[in-house]
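Participant: Sequence:
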Amino acid sequence: MILFPAIDIRDGKCVRLIQGDYGKQQTFGDPVEMAKKWEEAGAEFLHIVDLDGALFGETKNLSAIQLILETIHIPIQLGGGIRSLEKVERLMEMGVSRVILGSAALRDEQFLDEALETYGPAIAVSIDAKNGFVATDGWTKTSEVEALAFAKKLEEKGCQTIVYTDIAKDGMLSGPNFSELEKINRETTMDVIASGGVSSLEDLRKLKALNMYGAIIGKAIYTGKINLEQALKEVTIC
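Going by UniProt numbering, 219 is the number at position 219 of the sequence shown; the sequence numbering is gapless.
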């Protein structure tokens, strides 16, 4: 299982939100320094979200993202406000390894199809669920589309990787929604990256036992509840 340290960027700073609430923010400094810190701790892949992009629909923190790409030597996956093939192409040219589509994947089927056809496994889709339904616009709105049904539709279209987040769990350090993650992983063949609520090594053990492809760790490594180096050793134990 791959562990993805999360770097959420807002106004050029590394922050954490609670349950996706832009009014409940903790700031943890410079995103480039955080990227270096997690790489030095042994991370093999970073998960980066442009929160301003997710909210406003266009990438707002390109300068910080570019600096991260120039500074570290491990791949990154990036999401937040990516709603055109031109933007996907630009990010790929910058050096982003995997682009994560969010709201646009739900709203613009033609864009989703073209992105998957053009870039294949370099495209992932984020399914952010609130009470079982897909949330959009930086988690500020909830659609009428059921998360599992959307996942199955993505699989039919050839999507290979999804990031599944239970918004109620995000930033709460209360543990992931294991039942929903197990269901998504069981009923599709896609690589599922678990996101939201990871708060302990025991959570990681449970996710590994569910055969998750990956797990995103955010607040827990920023507050010290999880030591990343120790966590990385934990998930490599056979």
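None of these hints come from the bench; they were simulated from the model.
Predicted model, so just to flag it, every value in this text is computed and none were measured.
One thing to keep in mind: the hints can contain errors.
Unchecked claim - Straight line, CA to CA, 25 Å or less: simulated SDA-like cross-link-like pairs of lysine to any residue:
{"#": "1", "residue 1": "K208", "residue 2": "G42"}
{"#": "2", "residue 1": "K206", "residue 2": "E70"}
{"#": "3", "residue 1": "K183", "residue 2": "E229"}
{"#": "4", "residue 1": "K37", "residue 2": "L228"}
{"#": "5", "residue 1": "K225", "residue 2": "R83"}
{"#": "6", "residue 1": "K157", "residue 2": "N211"}
{"#": "7", "residue 1": "K233", "residue 2": "S200"}
Participant: Please go over all the hints and tell whether each is borne out by the structure.
Facilitator: Here is how each hint holds up against the structure:
1. K208 - G42: It holds: about 18 Å lies between the C-alpha atoms, which stays within 25 Å.
2. K206 - E70: violated (35 Å)
3. K183 - E229: violated (29 Å)
4. K37 - L228: Holds, at about 10 Å.
5. K225 - R83: violated (35 Å)
6. K157 - N211: holds (23 Å)
7. K233 - S200: holds (14 Å)
The structure fails hints 2, 3 and 5 (numbered hints given earlier, in ascending order).
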